[in-house]
Amino acid sequence: MRYDQDEGIGKVELEEVNPHLRGGRVENHLGTPPPPVYLAKIRTSISPSSAVELNTTSALANYATEAVGEKIMESNEAGEVQIPVSKKKSWSELKNVVCELRRQLSGLSTMVPGSLAFRTLPDGRTRIYFLSTPANGWETTLLCADVPPVASHGHRLAWTPVIEANFQSLSSAGRFSREEQLLWERKRLATWGITSYELHRESGKLVFPAASSLFQCLDTGFSASIIVDYFPVRTVAHLHLQARLAPHWSGPLFPAELRMNSCGAKLNPQICPSNPDLVAYVCDCDIWVSHTLTGCSVRLTFAHKGGRNMADDPLSAGLPSYVMQEEFSRYQGYWWQPRTPDGVYRILYEEVDESDVKIFCFPSSNSNLGEIEEFRFPRAGTPNSQSNLKLVQFVLREGPQIVDVSTLELQYPLSVMFPWMEYLVRVGWTPNADYVWVQLLDRRQQRLELVLLSVDNFTEPPPNVYKLDTNLNPTTPVGQLIQVIYTQTCDIWINVNDLLYFFPPASGTGECKGEVKFLWASEETGYRHLYLITAHVPGVANGVGADSPDNLESEHDTLVSSTLHFVRSKNKLSFFIVWLANALVVLSSTTEDGEIEVRISPRFGQKVALTAGDWEVLGRSLWVDSERQLVYFLGLRESPLEKHLYVVSLRRPGEVRLLTRPGYSYTVDFNKECTMCVAVYSNIQKLPACQVFRISHGDWTVEEVTLTPVAYLLEPSAPEGELFCPELYAHQISSGDLLYAMVFKPHNFQAGCKYPTVLNIYGGPEVQLVSNTFKGMRQLRMHMLAAQGYCVVAIDSRGSQHRGLNFESHLRGRMGTVELADQIEVLQWLAECLGYIDMSRVAIHGWSYGGYLSVMALAQHPDIFKLAIAGAPVTSWSLYDTGYTERYMDLPENNQHGYKNGSILNYVTQFPDDENRLLIIHGLIDENVHFFHTSQFISAMVKAGKPYQLQVYPNERHSLRHLDASVKKIKKKYVEGLDMQALSQRTHPNGVRMTRECIPPRFLPQPPPTRVHNNALKGTNSSIETLRVPAWKFHNMVSRSTFRCSGCYTILSPKKQTTGISSSWRRVLWAISFSLVN
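Per our numbering, the very first residue in the sequence shown carries number 1; after that it's consecutive.
Think of the hints as simulated: they come from the structure by calculation, not from any bench. One or more of the hints may lead you astray.
No farther apart than 27 Å at their CA atoms in a straight line, the calculated lysine-lysine pairs in the BS3-like style are these [to be verified]:
#: 1; residue 1: Lys943; residue 2: Lys900
#: 2; residue 1: Lys672; residue 2: Lys187
#: 3; residue 1: Lys358; residue 2: Lys187
#: 4; residue 1: Lys672; residue 2: Lys607
#: 5; residue 1: Lys607; residue 2: Lys686
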C-alpha cells in the first residue's frame, strides 16, 4: 500500500522552526505569514485522469456542507462568530468551481519536465530528453531541449517535440489492456499518453510503449528540431541514407510501430546496451526480443502456457509478482548483460511461480457482459510466490537472425542456497558483467543479504535431475563462487531502497585483486545513511574476475552453520551445502570413498560511513563521479520538510556539503559524467521551476563543488489569478516528538470567526503529507474545500515517512490504534492557537490507509469527528497483502492481538447511531484494497444496525481514473439530502438546541411525493413501488437494495435504521435513478 505523491511537481519552501519552542508556527524567513500564491497562465484543458477529483471533491464538499457546516451564523457567549460555510451550490455551480480550480492547477503537474535523460551530441551540445505536456494539450509526450556548450544564465531553453503531435490521439485511441492498467496502478501513474521511454545514448534510438504496442524512432542529433523517421522494413543502408539527409529534415517524427509476432500487450521494453537494434520486452508473461531493422521477433522464454485457466498456468518470466511491484517498487523482471565480449547476448530474468498464491475474481474492467477477471493475491499469513533466477542467451547471425536460443539455470536454486529467503527484492549486473548481484529478504523483512553470483553458476539443465524434497533441480555437484558480501539485520524492519553502486574497474578507488567496493545505504543507526564497503572475494579484481583455486583460502574461516541440504542422484552422487563465514560452500563427492572439494572465500572487508546524523538520505537515487571520488545524493539534513542535493567525498568521509538553496525542496537528475544536472524546485509559496546547472569543481574536496546555473527548462511562473497557499506549523507533542502540520484557511476567512474543519489524513508508513512543496493537483481536494469555506488540516503523525526508523516504528504491531492520538493532539493544539478551527464541526477524510483511519476515527472518537468520508479503506489487515502487512504487523500467528485490535470490524458497535455521519467510497474492481474489505464492513454494520452510506464505482480500481467516474457521478452527491430528524436533533456549538427556523427549508417536511412505476429497477422486487421526488429531496433511503445509476451503484442502509425519522421522509422507500429525477 503506497500513497506516492508526485515528487516532481515542485518542492515547497520550509520556514524555519525555532527548536527552543514547544510548538509554533513554521515562519518564513521574514517572520511573517506566507502571502497568497498567484498562478501564471495555465492551459484550461482537463485530462480524464485528473477529472476524477470532481466527484470525490464534490462529494466531500456537499456532504460535509450539510452534515458538519450547518448554515447558521450566531454569536456564542464568548463573542465568537460561527461562520457558515458557503451556500450549497447546484450541480452546475459546483462543477464550475471545481473546473476553475482545476484550470489553475491541472497544468502544473504535467508541465514540469519528468523522466529526464541526457545525451552528448558530436558537436558538444547536450540534449536533454523529458516527458511533459505541451501547450494546449493534456497528454504527456516526449520532448527535448539542447544545452549549448556555452550558455548564459537566465534564458529558457526551447522545447522541441520529439514525437509528432498527431501521434497522441492515435495512441490514446487504442484500448488499454488489463496489463497496462495494472502496471499504471502499481507505478501510481496519473498521466495519459507516453508514460515512459528507453534511450540508447550512443545511437539516439528511442523506444516507448503506447496503446499495448511498442514504437521506435531515431534521433540523429544533427539539429534540435530534426528527428529522423525510422521504419523497421527499411535496410541498414537506407537508414544511413536517412542520416545523411537529416539536415534537410524539419519537424518531429511520427514513430514507427515495431513489427512483432506476439499479440498481447508489450510491456517494459529495454534496448540492448551493446546493440540498439535489439529490443526486449514482456508479452503474455514471457520475454521476447525483436530486431528493429528486420522486424524479426523471437520468444525467448516459455514459462507461460497462455491457457484460459489461471490456476493451471502459474509461471511467468520477466514480470515481477504483484507484491514485488506494489510493496517493494520493483517493476522490472529481466536485465540485459551490459556487454557481450564473446558475441553472445544474455538476459538475466526472474521466473515467478505463483502456484501457491490464492486466486481472487473481480468483475472485468473491459466488458459489460458480466465476465470476471482473475487475479492472484497473497493475503497476510498465506504463501507468497516463489522466485528463481535464470539466464537466456542467443546469437545474432547474418540476416540478421536470432538463433541458438538456450536457457540456463542456477546450479542450486536460490531457495536451496538461501532457505530463509522470501523476497528477491533487487537484481542487477556488476559493471564488468561477469557477476550478478541480488538482494534477498526474509519473510519478516528483518534480514537482508547482498549476494554475488558468478555467471558460471548458470548452466544448462541436465537430463539427470536431482530430487529434493522441494522439487528443485541443481545440475552439477560442484558449485562456482557464491559470495555474501553484506548482511543487514534489524529488530524492527528493513526498508528496501535503490542506493547501491558497484565501482567499475580502474575507477580510482584503490581496489586490488580480490576486492569489490560498493556504496550501500543502511538504517542501522536509526536513519538511512551511506557507507563505502569493501568485500574480499576470491578471484575478483576491481569487481571483475573468475574463480581461482589460488585464492581459496580457508584458514581464517570457521563453520557457522550445520548442513542445510543433502542431495542424492540416481548414480548415488551426493553433495552437501553448508556455510563458512559469509561464503556458500559446496562439499561434493564424486566417488563412494567420499572425496571432498571445498569452495570457500575469505572473510568480510571494511565499512566506512560517508554520512551520519539524525537525518535521512533519500533512498531513490545517487550519482557517483568515480574520477573525482565524489558522491551526490538527496537528503533531509536541513529539515525533514525539504529535500536537498548534497555531495560527499570518498577521500574525506563525513564531510557533507549542501549544494542547493535552503527554503526550497528539490528533485535532481544528473548526466552520466556528473558534469550537468537538472533540478526541479519549488516551495510552499512558489510554483515549480526547472533549471539546468553545470557542476563546477576545484580540487578533490567538496568545498569547491558548486552548481553553476546555465538555463531554465521551466521558468518561475508569472503571477495571474489568486490561489491561497497553506501554512506550515510545528508542535512538540507530549511524547517529546516534533510533528508537522499544514493548514489551508478558508477563502472567506474573517478574523475572530470559527470555521468547520476537515482533517485530511493518511497517517500510515511510507507517506509524508506535510512538506515544503507545491503539490498542485495533489492538493486539489484541499483547495476545493477551502474555497467552499472549510478549514483543511493535514498532519504527519508518528509512523510517517522521512523521520527515521524509530519514528516510523511507532506503528509496529499496532496499526489503527495509535495514529489518531497524535492527530487529535496536534489538531486540538492548532484549534487553541489559531482560534478559527471549530472543534465542534470537524470532519475527517482520507484514501487507502487514510480511509482506514477515517473510519477508525468515527468509531474511536465520535465526539470529535462528526463525519467520516473514507475512500477504499482497509477494514481488516488479515485481508491485505503479505509484503506490506507483515512488515508492519508481523505474521498473523505472531500478533493475533494486534490484528484483532487493528481491524475495523472489531469496532462496529462503537459507531454512532446518527445518520449521515459515514460515507464510504470504493472501486468495485480495486485489486489493491479489495472491495471485499468494504463488503465485510457493511455486512457487520448491517448486523449491528448502524447507519452508513456507500458510493461504489463498478469500473474503477484503487485509483479512480475515468471521466465518467467523476463528472457524471457528481450528480449523485448533489441530490443527496440529510434526514430532517437528524438535523433537528443537532445542537449549536454553544449547547443551544437548533430550532426549526435554523433548518434549511429544503430539509423541512414536504407534501408526499407522487407514486410512479419505475421500469428501470429491473432485478429488484417487482411488487415494490418507487417514488418520483425532486432531486433536492433525494434521501439515503431505508432500503438495502442496490440499483445501478448511470454506472454507479448506490447501496443504502437497512430499514431498521430509520426509527424516529419524520413521517414524510418515511414514505421515501427507494432510491431514484438519475433518469427519473432528471
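Hint check results:
{"no.": "1", "hint": "Lys943 x Lys900", "verdict": "19 Å, holds"}
{"no.": "2", "hint": "Lys672 x Lys187", "verdict": "25 Å, holds"}
{"no.": "3", "hint": "Lys358 x Lys187", "verdict": "23 Å, holds"}
{"no.": "4", "hint": "Lys672 x Lys607", "verdict": "26 Å, holds"}
{"no.": "5", "hint": "Lys607 x Lys686", "verdict": "42 Å, violated"}
When each numbered hint is compared with the structure, a violation occurs for hint 5 only.
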